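Protein chains in written order, with the numbering used here: chain L, 6 to 235; chain V, 6 to 235.
Simulated from the structure, these hints should not be mistaken for laboratory data.
Just so you know, not all the hints are guaranteed correct.
Any copy, or any two copies together, can satisfy a pair, since identical chains are not distinguished.
[To be verified] Below, in silico cross-link-like pairs of lysine-lysine (PhoX-like), each with a Cα-Cα straight-line distance of 25 Å or less: (1) LYS64 to LYS39; (2) LYS7 to LYS57; (3) LYS235 to LYS194; (4) LYS185 to LYS232; (5) LYS91 to LYS194; (6) LYS117 to LYS185; (7) LYS194 to LYS66; (8) LYS235 to LYS23; (9) LYS42 to LYS117; (10) LYS194 to LYS232; (11) LYS194 to LYS117; (12) LYS64 to LYS7; (13) LYS235 to LYS185.
Since the structure is predicted, the reported quantities are computational estimates derived from the model, not experimental observations.
Number of protein chains: 2
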Amino acid sequence: MKIAVFGTGSVGQTIASKLVSLGYDVMIGTRDVKEAKSRTAADMYGNPGFGKWLESNSKVKLGTFNEAGSFGDLFINATSGGSSVKVFKSVKSDDMKNKILIDIANPLDFSKGMPPSLIPSLSNTHSLGEEIQKEFPGTKVVKTLNTMWCGLMVNPGMIGGGDHVNYLCGNDSDAKEKVKEILRKFGWKDENLLDLGDITNSRGSESVLPIWLRVWGATGTGAFNFKIVK
Amino acid sequence: MKIAVFGTGSVGQTIASKLVSLGYDVMIGTRDVKEAKSRTAADMYGNPGFGKWLESNSKVKLGTFNEAGSFGDLFINATSGGSSVKVFKSVKSDDMKNKILIDIANPLDFSKGMPPSLIPSLSNTHSLGEEIQKEFPGTKVVKTLNTMWCGLMVNPGMIGGGDHVNYLCGNDSDAKEKVKEILRKFGWKDENLLDLGDITNSRGSESVLPIWLRVWGATGTGAFNFKIVK
Chain L
6 MKIAVFGTGS
16 VGQTIASKLV
26 SLGYDVMIGT
36 RDVKEAKSRT
46 AADMYGNPGF
56 GKWLESNSKV
66 KLGTFNEAGS
76 FGDLFINATS
86 GGSSVKVFKS
96 VKSDDMKNKI
106 LIDIANPLDF
116 SKGMPPSLIP
126 SLSNTHSLGE
136 EIQKEFPGTK
146 VVKTLNTMWC
156 GLMVNPGMIG
166 GGDHVNYLCG
176 NDSDAKEKVK
186 EILRKFGWKD
196 ENLLDLGDIT
206 NSRGSESVLP
216 IWLRVWGATG
226 TGAFNFKIVK
Chain V
6 MKIAVFGTGS
16 VGQTIASKLV
26 SLGYDVMIGT
36 RDVKEAKSRT
46 AADMYGNPGF
56 GKWLESNSKV
66 KLGTFNEAGS
76 FGDLFINATS
86 GGSSVKVFKS
96 VKSDDMKNKI
106 LIDIANPLDF
116 SKGMPPSLIP
126 SLSNTHSLGE
136 EIQKEFPGTK
146 VVKTLNTMWC
156 GLMVNPGMIG
166 GGDHVNYLCG
176 NDSDAKEKVK
186 EILRKFGWKD
196 ENLLDLGDIT
206 NSRGSESVLP
216 IWLRVWGATG
226 TGAFNFKIVK
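The following block holds chain L by itself, in its conformation from the complex (with noise of 0.2 Å):
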């Protein structure tokens, strides 16, 4: 299958490096090309710039949004919350159609302040998710993995035997399973994902965000995630 990775960041990264060793074939979507293959500084955490990272993986594409679009059966939003419908409005509208996209951003607001906010038209009452599958009706928006750092992501077995909770929703059931179907070979056991129901509830999951981040600050790690105690 082919996968297209929208997003340059450390998200983008890691999803699409775990994406390659499993045997797709994956084109991550940027902006400008000539723009990100000139990135090489380390960011403020320390990773790789992204033409660095670009060099060492190698089997990795790398193309415009649009060229992103044409390529991949499936697409996964790992580009920053506050840009993503702009993102998917550069892609050709055909290109949407009946396509699942995975979506793991969250719709941070740095603007006011660390730790970041939600930006206020895209929480409480409504998210991200939902405003993607309102802006793109024919496409098939499944949310999940945002409410974890990265590397957890893609191996959730590196704490706590892999026992922590994974939330998915959306309006497709088969695009659900069809996103399950990824998840585990990213390492995640059933009994672990948790389908909240429709779309709406990314207003859930994103607001996730807010208690992550200050459990974050307070201990010093990201390589946590959250249990479901019963």
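Based on these hints, arrange chain V on the given structure of chain L.
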């Protein structure tokens, strides 16, 4: 120690019962004592009406909010989040000074359908915990216990050996230590009490509600809590 519990709902009842069993002298504060006593019909969840509950919890005193404010050395806010500030404004201002106020309430907004959202002015870049602290600067507000079903607040050992998280936050370190003493008596272990920092962190713990409500909906039980897996 004399403790005033504000609010006659299931949270107030559960906390008051537990405090009495621990030997505390407890008064529940309510808007209208006569009206509260007259409530005998069960609520939508099958809990007995407050009047019935009071008959079988005869050690609990009942007074107006103002009387409860004069009575208590320590306050517990178990009112609905949208009315909490108004409730504490009906306490004499001298009685608010230097008291510890344990804020268990959540700013839930039921006006936009179920599950409830958060009151816009008390969410994202603000919170109920902060609003109470701002309105009553002489009071020591400690936010805690608001992220779970009330049965677990006073009996964490009911699930998972008690190993799940309870957040605290507030500006006064001594107040947080005194609140921890009560939480230990409820059954909380120190390693499961996570101090997030100052009262602005209420933005984090109150934002647990949107995901809590959806996990409740998806799993069919409120007797769950989140554990931090590292």
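Looking back at the numbered hints, which does the structure fail to meet, lowest number first? Numbers 5, 6, 7, 9, 11, in rising order.
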